[in-house]
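Engineer: Whole structure, please, built from the sequences with the hints as guidance.
Protein chains in written order, with my numbering: chain A, 1 to 134; chain B, 1 to 134; chain C, 1 to 134; chain D, 1 to 134.
Calculated from the structure, these hints are not laboratory results.
Keep in mind the model is a prediction, meaning the values are calculated, not measured.
Where is the CB? At the ideal position from N, CA and C, for every residue including glycine.
Errors might be hidden in some of the hints.
[As the list claims (entries may be wrong)] Facing chain B, a subset of chain C residues (Cβ under 8 Å, in silico):
no., residue
1, Phe30
2, Cys39
3, Leu44
4, Leu98
5, His111
Protein chains: 4
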Amino acid sequence: MTLTTELLDASPVQVQYDLTKIVACIESCFDCSRACLICADACLAEDDATDHLLACIRLNQDCADICLTTGRLLSRQYAIDPALLQAMVQTCVSVTKLCAQECESHSHHRHCELCAAACRACEDACRVLLAEVV
Amino acid sequence: MTLTTELLDASPVQVQYDLTKIVACIESCFDCSRACLICADACLAEDDATDHLLACIRLNQDCADICLTTGRLLSRQYAIDPALLQAMVQTCVSVTKLCAQECESHSHHRHCELCAAACRACEDACRVLLAEVV
Amino acid sequence: MTLTTELLDASPVQVQYDLTKIVACIESCFDCSRACLICADACLAEDDATDHLLACIRLNQDCADICLTTGRLLSRQYAIDPALLQAMVQTCVSVTKLCAQECESHSHHRHCELCAAACRACEDACRVLLAEVV
Amino acid sequence: MTLTTELLDASPVQVQYDLTKIVACIESCFDCSRACLICADACLAEDDATDHLLACIRLNQDCADICLTTGRLLSRQYAIDPALLQAMVQTCVSVTKLCAQECESHSHHRHCELCAAACRACEDACRVLLAEVV
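Structural biologist: Right, here's the structure in full:
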């Protein structure tokens, strides 16, 4: 049992959705944002940065910000608004999908390959949760 | 001319939407997030906090996070993805509308009244920008 | 009277420091973070990005993050810890000073010149507040 | 080997400090911020919220913000400024120590007990890294 699970379990707030899916989504949001931050930093230092990686840096930053905000939102379970949760998680699906595609297009950089996998994992966890919410 | 306008104007990145609307949206996102942070703090200290204001605190925090992420996204104009911008700004419309309604429902607290106005201003600026993007 | 002043004034929390100085610090933190985000984006798109502006982009990102966190901290006045406030505002002085110096070193880019001014303004507001806290 | 380690390892940026210590610090910063967000939400919903837990909620929010900013800073290894890194990680030590103490003072709430442990782990990882930087 992860710390996130234990904490949500210890809260007086009744989690309204499947706990396993909520936890998977929160944790993959934080993991993905961290991967994007490191990938953006690595891209900045690549020799071919100006030519191919600028759009990737930009998208990495969007993805890091949106994943963190989604993770923060889901960490708060008290009086959560279902429609708002849905809009935010859907936006997270959009950005992780875009960022995964971008990173996959230059996966000869190992950090982009790893970051794309983190984005895909987060996209999946978000979709699984969304299926529950809708 | 505000600093935000001057900065975007000085950037080599060609802003793809109406500059005035982009700037209004960025600035109202930052203003609204600040208002929500202060309102949450004020609500926490109100005598009637446990009864009426807990949902408001929660929504204030969501609104502060989402507005900041929206403002950060819009501050980056390089290779901005129109569909992602739309999803994020639309989510910002949702949260500012919810938070304004919540704050208006206990506007006898002056900080809630002020915060509701900041949320409405941000919601409006987002809608104006969205009309341009769609 | 700005919205930030009105909101803090309407809060049941007694602000422990000079209200004008707190407000100036909060507002310049938010303004500076916005300037840094736009400057980083502009730097990314400059033709000479790989050679001179990578360190600037990095520092802009640090400065945006630290200023926002400082602004968030100061927006919460309830049970504020003086030593923590001091450590955070001092860190904000460090990053705004560094970022101003970096931006000034290539102020032929108008966005760097503007960003440097925003950093200096934030550094000043932080120092003024610190003098009050110590 | 964690994803964070693999990513930093795949970056063209030469990490200037012990990789294991950097990774431990980044990961515990993200873990601690997540714990604080959930603990704040749980505290908000406790029956004794008004009496004992308001200061805890406030500190949880500071801790979540500072840990995230520290984790973001450390995720960027390109042209990292040692003095700035030191100031930020030191501030993170201050807030995690304060938040741990606060949570320990009402550890009859299981979420506070768990959050205190996450804060202590982050404080330790920060101290270990600081010993390397100074």
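Engineer: Each hint needs a verdict: does it hold in this structure or not?
Structural biologist: Here's how the hints hold up against the structure:
With a least beta-carbon distance of about 5 Å to chain B, the hint placing Phe30(C) at the interface is held under the 8 Å criterion. Given the 8 Å rule on beta carbons, the hint for Cys39(C) holds: about 7 Å separates it from the nearest Cβ of chain B. The interface hint given for Leu44(C) holds, since its Cβ lies 6 Å from the closest Cβ of chain B, which is under the 8 Å cut-off. Hint on Leu98(C) is violated. Least Cβ distance to chain B is approximately 19 Å, over the 8 Å limit.
With a least beta-carbon distance of about 4 Å to chain B, the hint placing His111(C) at the interface is held under the 8 Å criterion.
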